[in-house]
Amino acid sequence: MAIEARFRLSYAGFGLDVDLTLPGRGVTALFGPSGAGKTTLLRCIAGLERASDGVLRFEGETWQDAQVFVPTHRRPLGYVFQEASLFPHLTVHGNLTYGLRRIQADARRVALDQAIELLGIGHLLERRPDRLSGGERQRVAIARALAVSPRLLLMDEPLAALDLARKQEILPFLEGLRDELAIPVLYVSHTPDEVARLADHLVVLEAGRTVTAGPLAETLARLDLPIPLGEDAGVVLDARIAERDATWHLARAEFAGGSLWVRDAGHVVGRQVRVRILARDVSLALTPHPASSILNLLPAVVEAIKLEADPALALVGLRLGAAPMLARLTRRSVDALGLAPGKPVYVQIKAVALVG
Amino acid sequence: MSLSEADVAALVLTVELAGLTTAILFVLGTPLAWWLARTRCRCKGPIAAVVAMPLVLPPTVLGFYLLQAMGPHGPVGQFTQWLGLGTLPFTFAGLVVASVFYSLPFMVQPLQNAFESLGERPLEVAATLRAAPLDAFFTVAVPMAWPGFVTAGILSFAHTVGEFGVVLMIGGNIPGVTRVASVQIYDHVEALAYDDAHALSAVLLAFSFLVLLAVYGWRPRAVHSS
Chain A
1 MAIEARFRLS YAGFGLDVDL TLPGRGVTAL FGPSGAGKTT LLRCIAGLER
51 ASDGVLRFEG ETWQDAQVFV PTHRRPLGYV FQEASLFPHL TVHGNLTYGL
101 RRIQADARRV ALDQAIELLG IGHLLERRPD RLSGGERQRV AIARALAVSP
151 RLLLMDEPLA ALDLARKQEI LPFLEGLRDE LAIPVLYVSH TPDEVARLAD
201 HLVVLEAGRT VTAGPLAETL ARLDLPIPLG EDAGVVLDAR IAERDATWHL
251 ARAEFAGGSL WVRDAGHVVG RQVRVRILAR DVSLALTPHP ASSILNLLPA
301 VVEAIKLEAD PALALVGLRL GAAPMLARLT RRSVDALGLA PGKPVYVQIK
351 AVALVG
Chain B
1 MSLSEADVAA LVLTVELAGL TTAILFVLGT PLAWWLARTR CRCKGPIAAV
51 VAMPLVLPPT VLGFYLLQAM GPHGPVGQFT QWLGLGTLPF TFAGLVVASV
101 FYSLPFMVQP LQNAFESLGE RPLEVAATLR AAPLDAFFTV AVPMAWPGFV
151 TAGILSFAHT VGEFGVVLMI GGNIPGVTRV ASVQIYDHVE ALAYDDAHAL
201 SAVLLAFSFL VLLAVYGWRP RAVHSS
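Protein sequence lines correspond, in order, to chains A and B.
This note's numbering numbers the first residue of the first sequence as 1 and each following residue consecutively.
This note's numbering numbers the first residue of the second sequence as 1 and each following residue consecutively.
Just so you know, the hints here were simulated from the structure itself, not pulled from any lab data.
There's no promise every hint is true.
[To be verified] Facing chain A, from chain B, some residues (calculated, C-beta under 10 Å):
| hint | residue |
| --- | --- |
| 1 | SER117 |
| 2 | ARG121 |
| 3 | GLU124 |
| 4 | ALA126 |
| 5 | LEU129 |
| 6 | ARG130 |
| 7 | PRO133 |
| 8 | VAL140 |
| 9 | VAL189 |
| 10 | LEU192 |
[What the hints assert, rightly or not] Just so you have them, the derived chain B footprint on chain A, three or more residues with Cβ under 8 Å:
| hint | region |
| --- | --- |
| 11 | 67-75 |
| 12 | 95-104 |
Don't be surprised by glycine CBs; every beta carbon is placed ideally from N, CA and C.
Could you put together the complete structure from these sequences and hints?
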């Protein structure tokens, strides 16, 4: 565990009180509703905000405690703001090299060319920021943060200011980043979809406090997740493409709890993928239904049942081998099937989304 | 209608005074404007008011107090005498000091506005890109506030060219030392030499128009954070 962060801070009408240990690699999503303190936490970690009562250690180095406060410009981090915030008086190239020129030669682990290629901005280098689209600007901002070879990358809702099309344009670059860089990334988001695609770990914040933290799959599958995700409740599973069926254009993805047939997205056999299954797309049966349009039918065991705020609905926690799953059912169905913890059932999965 | 040698000397002196005053104001006014733009100190209000005073005070009032302070019995005068420099009134150096006070708001206010409109973000970005505060000031704040610097420089220079009352109070009317263009025109009029007054006045009129045209008509396009 590479990052220890403990901050206590209060403004009029808002307080932050967190004590977290965050993993030293992979993408950690800081998730929660607006005003939960996600951005403030990120700014404290960057040193842009100074919590009078705070301790921050990164890979054993103290960045802040009662005696020490390392100023932002001496912390080996990269920061991507919600708005691209490019320097308007510099070209794209000038923006990219601004930080690069200020780090020691022996600290350059990310080549500028690599950052430019990763974000696909090679053709924009001579332009001024005001000649770029919103998506291009944000890609330049991400490359600019990478060009300082950060040992920690902080991203504050980098997609929030963009429309859906621009988001779709940038998400693949972010996924590439996650797979190519061996540095920890803290990613602030309030969008479950982004979290499902990008995160390996999840920290849920609400009203300035940590409400839960842990590996993504386990945390998302928790029934007691204090933030009701509603329609977005579901699980994210890591899987591997095991087989491709050319006749029906399907691919079989193996995960810890069995196999799922998904639409063939062109991934080669052996490729690691991530699948997202929403609770509302999972139904349960007591016997296998051979004559059904549903492709994915897997044996599972009921772990827990939680009644939802809606008086008609319940959320059922299941386990398929080692993998967790959630199903949203009506309370009537829960009663009719006699569901209870330990009961073996069959899950019928109507939709599986490949999210990366 | 032509310029005499004395007119040219007065114009040269005016340009020297305005140029030196503007240069000094850039050095003093920039940190002051930066501080005013960013401080949360309660003393900001009183200090901003003091800086703006020359905008409303009659120049004779400013000149009178400066004369008191810089005269042989004033605190500044005693200090300059202790340094062996004599006293400042009726010298070119005295005029420069007076002009710096007189034109201070014309330097500080445009710069302060330019710095305030930058906001915190560009400097935060610079910090995350390893720029120390002073580095960020020169490589981000100054280039982004450049139109403010141009406006502040032009206005300070032009306002110094146009001063009259303070000059008369502090500098008197010594040819080649303190007799600037505005005083020279006054002399011409006193002597009923209207043609000479016309010539020099026309030069200042054209100058003023061109300066204001530069400020209002041709402005470098303001840059905003994207």
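Closer than 8 Å Cβ to Cβ for three or more residues is the test here. Does the region 95-104 of chain A pass it with chain B? holds (count 4)
Task: Restraint outcome when ARG130(B) is required to lie within 10 Å of chain A by C-beta distance - done: 4 Å, holds
**Item:** Status of the ARG121(B) interface restraint (C-beta, 10 Å, chain A)
**Value:** For ARG121(B), the interface hint holds, since the closest Cβ of chain A sits about 5 Å away, which is under 10 Å.
request  = Grab the minimum C-beta distance from VAL189(B) to chain A and call the hint holds if it beats 10 Å, violated otherwise.
outcome  = Cβ of VAL189(B) sits 48 Å from chain A, so the hint is violated.
**Request:** Identify whether the interface hint at PRO133(B) stands, where standing means a beta carbon of chain A within less than 10 Å of its own.
**Result:** It holds, given that the least Cβ distance between PRO133(B) and chain A is near 8 Å, below 10 Å.
Can the region 67-75 of chain A be counted as covered by chain B under the rule of three residues or more with Cβ-Cβ separation shorter than 8 Å? holds (count 4)
Satisfaction of the GLU124(B) interface hint, Cβ to chain A closer than 10 Å | 5 Å, holds
Checklist line | chain A contact restraint on LEU192(B) - CB to CB distance below 10 Å | finding: Hint violated; LEU192(B) Cβ to chain A Cβ min 55 Å, cut 10 Å.
**Asked** Would the stated hint for ALA126(B) survive a check requiring a Cβ distance to chain A of less than 10 Å?
**Response** 8 Å, holds
Worksheet entry | Hint check, LEU129(B) versus chain A [nearest Cβ-Cβ separation less than 10 Å] | 3 Å, holds
Subject >> Status of the VAL140(B) interface restraint (C-beta, 10 Å, chain A) >> reply: 6 Å, holds
Under 10 Å is the threshold here; is the Cβ of SER117(B) close enough to any Cβ of chain A for the hint to stand?
12 Å, violated
Of the hints listed earlier, those the structure fails to meet are numbers 1, 9 and 10, in rising order.
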